[in-house]
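Peer 1: As they're listed, the protein sequences go chains A and B. Its first residue numbered 1, the first sequence is counted upward by one per residue in this note's numbering. Its first residue numbered 1001, the second sequence is counted upward by one per residue in this note's numbering.
Wrong hints could be hidden among the right ones.
[Claimed, not checked] According to the in silico footprint, chain B covers these stretches of chain A (three or more CB under 8 Å from chain B):
#	segment
1	46 to 57
2	71 to 84
3	90 to 97
4	100 to 112
5	129 to 138
[As the list claims (entries may be wrong)] Partial selection, computed: residues in chain B whose CB lies under 7 Å from chain A:
#	residue
6	1093
7	1245
8	1378
9	1406
10	1472
11	1544
Keep in mind that the hints were calculated from the coordinates and are not lab data. Fair warning: this is a prediction, and the values are worked out from it, not measured in the lab. Every residue, glycine too, gets a C-beta built ideally from N, C-alpha and C.
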Amino acid sequence: MTAPVIDRRTFLKTGFAGTLLLACVGHVAAASDDEEASMLTAISAALLVGMLSGQPAARTEALSSTVAGVRQAVAGLPPHLQSEIADLFSLLRFSLTRRFLAGVSAPWAEAREEDVAAFLESWRHSRFSLLQTAYGALHDLVLGAWYARPEHWAAIGYPGTPEVF
Amino acid sequence: MTDTQPGRQREAVSNPTRDPMRDGLAAGWKHIDASRLQADTMLEADVVIIGSGAGGGIAAELLSDAGLKVILVEEGPLMTTSDFRMRESEAYPQLYQESAARKTVDKAITILQGRCVGGSTTVNWTSSFRTPPTTLAYWQEALGLRQLSVESMAPWFAAMEDRLGVRPWPVEPNANNGLLAQGAEKVGVPTHVIPRNVRGCWNLGYCGMGCPIGAKQSMLVTSIPAALARGAVLISRLRADRLIFSPQQRIVGLKGLAMQADGVRPSRINVRIRARHFVLAGGAVGSPALLLRSKAPDPHGLLGQRTFLHPTLVSAGVFSQRVDGYAGAPQTIYSDHYLEQFAVDGPLGFKLETPPLHPVLYSTTLQGFGAQHADKMRDFPHAQVLIALVRDGFHPQSLGGRVRLRSDGSPALDYPLNEVFWEAARRALLAMAEIQFAAGAKRVTPVHEGTLGYSSWAEAKRGIADLPLKPLACRIVSAHVMGGCAMGATPERGVVDPRGRHFQIENLTVCDGSLFPTSIGANPQLSIYGLAARNISLLAAELQNRPALAIP
Ligand SMILES: Cc1cc2nc3c(=O)[nH]c(=O)nc-3n(C[C@H](O)[C@H](O)[C@H](O)COP(=O)(O)OP(=O)(O)OC[C@H]3O[C@@H](n4cnc5c(N)ncnc54)[C@H](O)[C@@H]3O)c2cc1C
Ligand code: SF4
């Protein structure tokens, strides 16, 4: 594939959908569900630093249930939001846009946590509202999926719901 | 002090039936779950009500009481008391619009609204205020809605308070609310106890996930069961897609799309309903959207305009003692001090309240990620949160937002946040931090991407003064959507008249939060109940050819 002719600024102004870039990405991305899982795992790991266990098996297990939770949450969203999220995930898992927009050079499975955190931090404070909102979506999806699960409540001292009957 | 053990302090009243819907359905009440329909269906009624929330619920009860044949259409699912398990992971996708992730177009404001039988009343936090006199006076004087005076509305509010068990919360506030009272008192700001619509409340604190004991007097356990007991038919999981007009601009029917069981997409089944009269109660996003989709007449371009939100700022304090903000009735103390500081159409005022704290709601609202976020989450039981609800729609530059349609016909809400708003937002963040420090907070964090919080009032005062207040950086939320089909004194000034009757469509009454020509300046449910009771009483008399009620 050749690099699409579009500069970053125009792209960021036009939005995820409807860009030439996305049209290219859509093609490639459809094939690689594993890459999406790696992407979501890497992003979740960076967002959840401080909550994730250091123990490898527990960590892997917690991350995979988080990724499953994110996917489940997305499936419950209305179609217009599902397609926005699908566009965002496509851009992130495709290597060219991963580098171009997120500045993460290694494939997600090999990306260093600091690099992923740096990308999230730069989107969080980006002057492009599109990237800020994309950060917001990742923030809400991942943290929501994590704290929805009762096994993560003890760490924050939440006793859980009261017994009613 | 406050006993925060969940379920310990309870109201000394018991509720006879925990789950009236389930009991009634077992006894033969009529409910159609449209997601289970196998074929297109035609139905007929005297009145079709679209939306089963605050306005639709009251309308269903009063119209069935009057002996009219009513069909109540709701896009969301029928979930009843016994289904409510106090789990965010279930409640948000099942009971909320867009899984509680509805946002304005620029994504700067998160909007909470219900999407289930009972609408937002099924998940609301039970605060019950009459429309403030200042608001009614402004409607009368500035907008020409003379009929809506404190005196003329009082009997309707009283009747609804009685119907829904509204009274000031008699039990000690939970610590989250108690700290608002204590901090405010220290800085000389008066607070008051919130009236709640509950009977036999166990003080659990999970109102936002559906009351698990049926204590909250939402439409789901009061008016809707009353309507079904009188023969009304409830159709859940049916999205009102379009109103069908005759050439004379009368509505002849409603076309509904049955939703699939997951509520995300329509199935291929259509339901058509014919009726003499249509009551629109889809809430302040859903109602204007249905009229826009139906290409309803809108000669003055007012439809979907002036949508108000009480855009809300959030401030999180951390205390050395436990606060347990998830336990106990969520909202029991408020202050109107900052609403009363300036003229109603002057610099925007705000109402101070508290939200309930739950892990998903709190973690997704809090700014930042990684270790910093994790540290804040570890303080969860010690967190005390204040919210400031900004009164929009009175100041000449507070014009609210606008509902329009996406290409797929779904509603989108634009709500530009301008300087007039941000000026109030800064005052609100300051006021909340001051109160939280006065109450003994160790740390106060405005929910804003640009700060990690402050450890003293002096530091907060300096910090907040310099915070860049901008969309997406400063978190804004709303659970109060109002306007879009506003009442007006004349067709040039409103979509409907002061009785909710559409100016151009003779057989359409709007009956929900979309009626309001400004925000309410208080949590809106009782304003909707009162106005619905008044307007639907008038409508019922007319539909039955009874003499019109002698009310203004
Ligand atoms: C979390 C939360 C807490 C709140 N707390 C309080 C509180 O403490 N006090 C207070 O006064 N207010 C509170 N509110 C707000 C209050 O509940 C609402 O203002 C009120 O219920 C609005 O009434 P409504 O009739 O306008 O719409 P809703 O109650 O929102 O009902 C509208 C219904 O119409 C349905 N609908 C929409 N479009 C269609 C369509 N096309 N076809 C079929 N059905 C449709 C929706 O699914 C929904 O069920 C809260 C709201 C929320 C979400
Ligand atoms: S606090 Fe709310 S959820 Fe709990 S019992 Fe009372 S009304 Fe029901």
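Peer 1: When the hints from earlier in the document are held up against this structure, which numbers fail?
Peer 2: Hint check: 3, 4, 7 and 11 fail, others pass.
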